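Protein chains: 2
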Amino acid sequence: MHIFFLPAANEGPVILSEEESKHAIRVLRMQNDDTAKVTDGKGNFFLATMLDAHPKRAILRLSNPTKGYDHWPFHLHLALAPTKNSDRIEWFVEKATEIGVDEISFFSSFHSERRSINLERIEKICVAALKQSQKSRLPKLNELCSFETLLARPFDGQKFVAWIDPSTTATLQSSYQQNSDCTILIGPEGDFSSQEVDKAIEAGFKPVSLGKARLRTETAALVSVHTIQLINQHII
Amino acid sequence: MHIFFLPAANEGPVILSEEESKHAIRVLRMQNDDTAKVTDGKGNFFLATMLDAHPKRAILRLSNPTKGYDHWPFHLHLALAPTKNSDRIEWFVEKATEIGVDEISFFSSFHSERRSINLERIEKICVAALKQSQKSRLPKLNELCSFETLLARPFDGQKFVAWIDPSTTATLQSSYQQNSDCTILIGPEGDFSSQEVDKAIEAGFKPVSLGKARLRTETAALVSVHTIQLINQHII
Chain A
1 MHIFFLPAAN EGPVILSEEE SKHAIRVLRM QNDDTAKVTD GKGNFFLATM
51 LDAHPKRAIL RLSNPTKGYD HWPFHLHLAL APTKNSDRIE WFVEKATEIG
101 VDEISFFSSF HSERRSINLE RIEKICVAAL KQSQKSRLPK LNELCSFETL
151 LARPFDGQKF VAWIDPSTTA TLQSSYQQNS DCTILIGPEG DFSSQEVDKA
201 IEAGFKPVSL GKARLRTETA ALVSVHTIQL INQHII
Chain B
237 MHIFFLPAAN EGPVILSEEE SKHAIRVLRM QNDDTAKVTD GKGNFFLATM
287 LDAHPKRAIL RLSNPTKGYD HWPFHLHLAL APTKNSDRIE WFVEKATEIG
337 VDEISFFSSF HSERRSINLE RIEKICVAAL KQSQKSRLPK LNELCSFETL
387 LARPFDGQKF VAWIDPSTTA TLQSSYQQNS DCTILIGPEG DFSSQEVDKA
437 IEAGFKPVSL GKARLRTETA ALVSVHTIQL INQHII
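Protein sequences appear in the order of chains A and B.
Going by this note's numbering, the first residue of the first sequence is number 1, and it counts up by one from there.
Going by this note's numbering, the first residue of the second sequence is number 237, and it counts up by one from there.
Just so you know, these hints were derived from the structure itself, not from any lab.
All values derive from a computational prediction rather than experimental measurement.
One or more hints might be untrue.
[As the list claims (entries may be wrong)] Restraint ranges, calculated between C-beta atoms of paired labels, are given here:
id, chain 1, residue 1, chain 2, residue 2, range
1, B, 297, A, 198, 35 to 43 Å
2, A, 146, B, 305, 30 to 38 Å
3, B, 352, A, 119, 34 to 42 Å
[Stated by the list, open to error] Just a few of them, taken from the derived set where beta-carbon distance is under 10 Å, the chain A residues facing chain B:
id, residue
4, 135
5, 226
6, 229
No residue lacks a Cβ here, since even glycine has one placed at the ideal position from N, Cα and C.
Please work from the sequences and hints to get the whole structure.
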């Protein structure tokens, strides 16, 4: 069953945007009384019944609100320095949304080769992954900021900085306390500078390793997300 | 330090292929006596010293054989039905090589939308990921075969089939015994047919879930690889 994303969804009639109407009527060929699902991206699903199959402003009636399966008792926040190749960031965002993440931040770092991101495009990828994986909660996406600005933000829970350094012997999986909120920082292709790691430590972040494998930025970010989700499934 | 991949590497002088010679001399601008690393893809590294910086047939002297860090006491074999979009298979192969996998097989399945793969291209991606992640062991890649042919092969260790079905309550992470060899089957976009799952069960495969998240084929495959590697790091 098709899922529409309507941030302002609530019980009762709603008008689809011109783009979504076209998709519903021309591509999905929905007719009056056909049903679909709607998520508000905030944790809720609705049953949607087509009231008026208009190709530019289709009207759906929303009913039967239910909670999505993707609720968990912790907040998982991943902050990464964008990769030079933007495909790799977008790939990470898609996969992290599938696996499950609450918030994604982007920061520029000393060794960053990219200092801008297209947040609108990234949000579209997030929405597509949300629908595809039948989730009900859209990750919060934050605009790119400097590393210092990021560190100055208040964070709840545990704070980790993933750092490839022989002196880092603690691992993310041995340091993370099950079901706690956490923020994980992942550096750019050239890794963090040691000054940046010092600043992160001053700000309360604990350096952790992700294991022996040398991972690309986007792989390290995804492996971090999966590690937290796997530990929190209570089944290891 | 740059890593060259030379499957026939051994101590002593070796001649680089025309392509690798061009890369070494024209791109890396290596000169006589410059050093690099060479891996044979079978677990070994060598120190390589440029003896003759010829742009078409450069000669390196290999010495100081050492073992790579990517040795583990289990065999991890992932078999998947290729995705419709070949980018997604290639992405999986790159990421699985970074994280660590021993063998990748491809099979066509009842719901498969793609019944061919470009193994030569996939191997190139594997080699690039091997170099990038500084690994010494190239995963074994098997040609695409039918699901029945795959099931008829002998496998050592534990055998799992990842299946999205409410009746599947066992998870991969609770079923896998640390440090044991394993083979994991991942279905196509439309999942396995129930007949296929029955055949897999008959062949000794245990149906397992990868958790609550609904994952795409390539994401499920990667999450499986990471789950096994994470459990085997002995640190959860």
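Verification of the supplied hints:
1. 297/B to 198/A: 35 to 43 Å: 42 Å, holds
2. 146/A to 305/B: 30 to 38 Å: 34 Å, holds
3. 352/B to 119/A: 34 to 42 Å: For residue 119/A against residue 352/B, whose Cβ atoms are near 38 Å apart, the range 34 to 42 Å holds.
4. 135: This hint holds: residue 135/A lies near chain B, its Cβ roughly 8 Å from the closest one there, short of 10 Å.
5. 226: Check passed: Cβ of residue 226/A comes within 5 Å of chain B, closer than 10 Å.
6. 229: The hint holds - residue 229/A has a Cβ within 10 Å of chain B, the shortest such distance being about 7 Å.
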